[in-house]
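From just these sequences and the hints, can you work out the full model?
2 protein chains.
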Amino acid sequence: MNSELQFIRALQNRFPVRSPVQVGIGDDGAVVDCSMTDRQVVVIDMLLDGVHFDLKDTTPHLVGRKAMAVNLSDLAAMGCWPTAAFVSLAVPKSLDSADAFLEQVFAGIRELSTHWDVCVAGGDTNTWDGPFVIDVCLTGIPVGQHPVLRSGARPGDVLLVTGPLGGSLNSGRHLTFTPRLELAKWLVQNYDIHAMMDISDGLAIDLHRMMEASETGADVLADAVPIHPDVRSTARNSSLLQALSDGEDFELLLAMSLGDFETLNRDAERSHDFHRIGVVRKERRCQLIDGRGRTTALHVAGWQHEIS
Amino acid sequence: MNSELQFIRALQNRFPVRSPVQVGIGDDGAVVDCSMTDRQVVVIDMLLDGVHFDLKDTTPHLVGRKAMAVNLSDLAAMGCWPTAAFVSLAVPKSLDSADAFLEQVFAGIRELSTHWDVCVAGGDTNTWDGPFVIDVCLTGIPVGQHPVLRSGARPGDVLLVTGPLGGSLNSGRHLTFTPRLELAKWLVQNYDIHAMMDISDGLAIDLHRMMEASETGADVLADAVPIHPDVRSTARNSSLLQALSDGEDFELLLAMSLGDFETLNRDAERSHDFHRIGVVRKERRCQLIDGRGRTTALHVAGWQHEIS
Chain A
3 MNSELQFIRA LQNRFPVRSP VQVGIGDDGA VVDCSMTDRQ VVVIDMLLDG
53 VHFDLKDTTP HLVGRKAMAV NLSDLAAMGC WPTAAFVSLA VPKSLDSADA
103 FLEQVFAGIR ELSTHWDVCV AGGDTNTWDG PFVIDVCLTG IPVGQHPVLR
153 SGARPGDVLL VTGPLGGSLN SGRHLTFTPR LELAKWLVQN YDIHAMMDIS
203 DGLAIDLHRM MEASETGADV LADAVPIHPD VRSTARNSSL LQALSDGEDF
253 ELLLAMSLGD FETLNRDAER SHDFHRIGVV RKERRCQLID GRGRTTALHV
303 AGWQHEIS
Chain B
3 MNSELQFIRA LQNRFPVRSP VQVGIGDDGA VVDCSMTDRQ VVVIDMLLDG
53 VHFDLKDTTP HLVGRKAMAV NLSDLAAMGC WPTAAFVSLA VPKSLDSADA
103 FLEQVFAGIR ELSTHWDVCV AGGDTNTWDG PFVIDVCLTG IPVGQHPVLR
153 SGARPGDVLL VTGPLGGSLN SGRHLTFTPR LELAKWLVQN YDIHAMMDIS
203 DGLAIDLHRM MEASETGADV LADAVPIHPD VRSTARNSSL LQALSDGEDF
253 ELLLAMSLGD FETLNRDAER SHDFHRIGVV RKERRCQLID GRGRTTALHV
303 AGWQHEIS
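Just so you know, the sequences run in chain order A and B.
Residues in the first sequence are numbered from 3 upward in steps of one, following the working numbering.
Residues in the second sequence are numbered from 3 upward in steps of one, following the working numbering.
Be aware that a few hints might be false.
Which copy? The list can't say, so a pair holds if one copy fits it or any two copies do.
As the list claims (entries may be wrong) - Here are the computed lysine to any residue pairs in the SDA-like style, where the Cα-Cα straight-line distance is at most 25 Å: (1) K95 to Q8; (2) K95 to D56; (3) K95 to R294; (4) K187 to R11; (5) K58 to R41; (6) K58 to R286; (7) K187 to T236; (8) K284 to L7; (9) K284 to A237; (10) K187 to G28; (11) K95 to L171; (12) K284 to D269; (13) K95 to V53; (14) K95 to V19; (15) K58 to D221; (16) K58 to T178; (17) K95 to D131; (18) K284 to G154; (19) K187 to D35; (20) K95 to T129; (21) K95 to L57; (22) K95 to V302; (23) K95 to E6; (24) K58 to S96.
It is worth saying that the hints were derived from the structure and are not from the lab.
Since this is a predicted model, take the numbers as computed values, not measurements.
Here's what the structure looks like:
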């Protein structure tokens, strides 16, 4: 049985302070040097046992990893690079060995914090009678001149996604995906990305969100939506529905000018990372166009938390 | 029943973007202008139903308020002023009316965010089968040249607390206290505060934490520890134990030079806000000295979360 003081000392050893963090775990708060930037970006995402993962069939390592990954994906979507992480936990008292459990959770966190050189600089660990909760907050700084928002898509822009969609939850891919940080960095450094976000709740709902924020609409070519091999259905309509609505893909959805897209498309090394799925329209509606040119409304079929 | 999109729109209306926040609720992350500072401080504190409050006898308003207050207290302890807030929630599906519940939680948050002009700039709201969880993260900037840490106490420093201690949980004061932001700001602007922290787990354990971080020890005068009227015991020994170990006081513990303290003590308007409780020693032990000069070890009697 470890006391809180011993636990914090162990975390300090595991996550040593490194730039741009100046003061990490162990004080009332963490101090982050922000002299290299005018703007800091903050993302936060809470994962719950039984909702975003299930400890009955998932390792604590993968849960810690996912909690980092979904937040890194949010930073990628903002065209940012991570600087520091803050981890809040509620750990069930009913666990046989909380020490071993936490060891694994933090090993999953460290897998990604080490890979992207993010300093875990603070947090809060509690025990209680409820199920496991992990809430990760990340700070980051823009890779380019400014963060990339959802609201900058313009009529005529090409819409792209960075990978095939669907089947993530069923296959377990949502626990092992790689956040698109490097790809987003390369994009922002080489092109004027008008709007970007990550696909967490499904392309259908997330596209609506981007178009609403941009006060635009979109035409999506049904045959152009890339379907992930994890989608097991063989019927095209059913596969398409899953690709549009399963969610937890954590690919990027982005809008850029046709001119920029044509340049990107000539880049033999990179063009295969992008799938052109449609075009931004002035008319504020999202529609799906099939191979025969027939249009249907793109329903908001993605997954929404119900706040009832 | 509100959808997530409607819920987010309502939050955007309730918490409009204001400086230094440039992008608030609704994108993948929030953007905070940090051009006015070289250092940003991040604090995070998770509160759990049944641990830090009990919804059976507490209003959702007071829970939202407390979740802000404990984090504001952490920023005060760092000598910082808040800039932005991020609120993650796990809301039980079993609630009769989640809308009304969330309305009250956010009203409690807004009570303090308005008072201190903090922009609620992001977060994450989920529903689940578990009990209520609220995790608030705040960013802040130093009021003075740098944040005040726990680690700067020096032998010979005077130890002060900013108010009487004990009885906070029993009385419900932990739900209604005022974070010492203004007092901390005034202190930092007028004195060289060597070390500061807030008393959340009880003076005994929190003093040990500060002394350990500073690589020093402390002598505390038992008769000088101010006991809160909320401590109902009439026996001095029992009252003192509660003042030392109840926790959730959210007063500040600080170390400053004797010279600075003497100046502070001559300030008739302010001196009543401070209680001199002891002195920092080179020897790395914390001890209590009674009215007859007898010393006993100051036990780490405060409240620690047990990990495992």
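Verification of the hints:
no.: 1; hint: K95 to Q8; verdict: within (18 Å within a copy, 36 Å between copies)
no.: 2; hint: K95 to D56; verdict: both (17 Å within a copy, 17 Å between copies)
no.: 3; hint: K95 to R294; verdict: neither (58 Å within a copy, 44 Å between copies)
no.: 4; hint: K187 to R11; verdict: neither (35 Å within a copy, 30 Å between copies)
no.: 5; hint: K58 to R41; verdict: neither (41 Å within a copy, 42 Å between copies)
no.: 6; hint: K58 to R286; verdict: neither (43 Å within a copy, 46 Å between copies)
no.: 7; hint: K187 to T236; verdict: neither (35 Å within a copy, 65 Å between copies)
no.: 8; hint: K284 to L7; verdict: between (58 Å within a copy, 22 Å between copies)
no.: 9; hint: K284 to A237; verdict: neither (33 Å within a copy, 76 Å between copies)
no.: 10; hint: K187 to G28; verdict: between (32 Å within a copy, 22 Å between copies)
no.: 11; hint: K95 to L171; verdict: between (28 Å within a copy, 22 Å between copies)
no.: 12; hint: K284 to D269; verdict: neither (29 Å within a copy, 66 Å between copies)
no.: 13; hint: K95 to V53; verdict: both (19 Å within a copy, 12 Å between copies)
no.: 14; hint: K95 to V19; verdict: neither (30 Å within a copy, 39 Å between copies)
no.: 15; hint: K58 to D221; verdict: neither (41 Å within a copy, 51 Å between copies)
no.: 16; hint: K58 to T178; verdict: within (17 Å within a copy, 39 Å between copies)
no.: 17; hint: K95 to D131; verdict: both (6 Å within a copy, 17 Å between copies)
no.: 18; hint: K284 to G154; verdict: within (13 Å within a copy, 59 Å between copies)
no.: 19; hint: K187 to D35; verdict: both (21 Å within a copy, 21 Å between copies)
no.: 20; hint: K95 to T129; verdict: both (6 Å within a copy, 21 Å between copies)
no.: 21; hint: K95 to L57; verdict: both (15 Å within a copy, 20 Å between copies)
no.: 22; hint: K95 to V302; verdict: between (40 Å within a copy, 23 Å between copies)
no.: 23; hint: K95 to E6; verdict: within (14 Å within a copy, 31 Å between copies)
no.: 24; hint: K58 to S96; verdict: both (14 Å within a copy, 22 Å between copies)
Consistency note: the structure conflicts with the earlier hints numbered 3, 4, 5, 6, 7, 9, 12, 14, 15.
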